[in-house]
Amino acid sequence: MIELSNVHKSFGKVEVLKGITASVEKGEVVCIIGPSGSGKSTILRCINGLESYDSGDITVEGARVDRNAPSIVSIRTQVSMVFQRFNLFPHRTALENVIEGPVYVKKEPRAAALERGRALLAQVGLAEKAEVHPPQLSGGQQQRVAIARALAMQPKAILFDEPTSALDPELVGDVLSVMRKLADDGMTMVVVTHEMGFARDVADRVLFIDGGVIVEQGPAKSVLNQPQHARTQDFLRRVLHPL
Amino acid sequence: MQSFWRDTIEFLPILMNGVALTIIVTIGSLLLSTLLGLIWALMRVSGIGVLSGLSAGLINVIRGIPIIVLLFYLYFVMPEFGLTLTALQAAILGLGIAYSAYQAENFRAGIEAIDKGQVEAAQAIGMGWWQTMRRVVLPQAIKIVLPPYGNVMIMMLKDSSQASTITVAELALQGKLIASSTFKNTSVFTLVALMYLTMSIPLILLVRHFEKRAGQK
Chain A
1 MIELSNVHKS FGKVEVLKGI TASVEKGEVV CIIGPSGSGK STILRCINGL ESYDSGDITV
61 EGARVDRNAP SIVSIRTQVS MVFQRFNLFP HRTALENVIE GPVYVKKEPR AAALERGRAL
121 LAQVGLAEKA EVHPPQLSGG QQQRVAIARA LAMQPKAILF DEPTSALDPE LVGDVLSVMR
181 KLADDGMTMV VVTHEMGFAR DVADRVLFID GGVIVEQGPA KSVLNQPQHA RTQDFLRRVL
241 HPL
Chain B
1 MQSFWRDTIE FLPILMNGVA LTIIVTIGSL LLSTLLGLIW ALMRVSGIGV LSGLSAGLIN
61 VIRGIPIIVL LFYLYFVMPE FGLTLTALQA AILGLGIAYS AYQAENFRAG IEAIDKGQVE
121 AAQAIGMGWW QTMRRVVLPQ AIKIVLPPYG NVMIMMLKDS SQASTITVAE LALQGKLIAS
181 STFKNTSVFT LVALMYLTMS IPLILLVRHF EKRAGQK
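Taken in sequence, the protein lines are chains A and B.
Each step along the first sequence adds one to the number in the working numbering, with nothing skipped, and position 220 is 220.
Each step along the second sequence adds one to the number in the working numbering, with nothing skipped, and position 154 is 154.
Hint data in this document are derived by calculation from the structure and do not stem from the laboratory.
In this text, all values refer to a predicted model and were calculated from it rather than measured experimentally.
Just so you know, not all the hints are guaranteed correct.
As the list claims (entries may be wrong) - One side only, chain A facing chain B, incomplete, derived with CB under 8 Å:
id, residue
1, Phe11
2, Thr77
3, Phe89
4, Glu100
Note that beta-carbon positions come from the ideal geometry of N, C-alpha and C, so glycine has one too.
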């Protein structure tokens, strides 16, 4: 469904992606792990055109991702994004955040969008927060609204860019359980994360990225339990046993 | 003091004619400068090199010319190029253009103060540039922009008196005409000053209100 083939990307003189080739099948949950600055987030941002890439190809259901082409709008409505810092619109209520895309981008009738928006908020456990503005919500609640906003676009896949990294530890669980439910329902997901437990339990596949290349990839349990590469082993040791 | 009250009763009706023109000039140029300022600011942040360069150049040229010279140019020079304006039109146009530069810089600062994540979130749900501005960036920027905008309103009210230099009989010019024909300088100019102050006070309170609101999150 999402294909990356030999993708290169530089910021100025720094090459952050050095030939990434990967694919994500429909219904698959792929976790991307790796040290900070390894290019994990950049991959997600290239997939929905928030960043351009210098060479190679990224396609979503066969359509090439080009952030300057008009086709990018249709790709973005098919591939939603959830951000590390939530990026909810603070001047709109939770419910208005959720229906913003359906009503103003996809031109759905407002009444239908409202009804679906409320159902989505209920799905992430926030039915009673529909009329609340984001600054009055906790980080975990904001992130769940952001997930509802992504779902409201009825996307074929959702990209999660470190969705729990900005949260207090006790709020991480609520967000992860919403994500797990999505995965169980068959949503295609690409998740950049430091939550190794989530990756092990939920992901079908794990990509370990370091220095702009995919060092190792495979079924989640084999990459996380029996990593083959020294760099993967070293990274996992430091993440799982920081002391 | 007694003579001041007598003069007030005598001159106030004439000065009120000036107040009407002062308000027309202020509101007219405020609307024009807001519209132009918004256009310059959006050009500036458009990310399109030509537009943003053009806007930066325009703003610098406008900022570098005194308002009074701009007014003279519009009223006395433009007729030579076939564009004849009434004094009132020239005043509104001149003040509107002059203040558009400050409005633009104010709007730009407000737009640039909005977190980049907001723009990315808007793009990620498929919004284009204009929709992102209209639905996401500008509604948030308004809160930041309003206090300085209120100050511009006060400055414009006072600078509308410059229209007197091209014969717009607004408050300052009315005052000057009465004073020079009656020699009652003290009464007339005290009255004129008080009338400007009276018009400014609601605006000053409005700015304070904006500032309080911008302070709340």
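Violated hints, by number in ascending order, as checked against the structure
1
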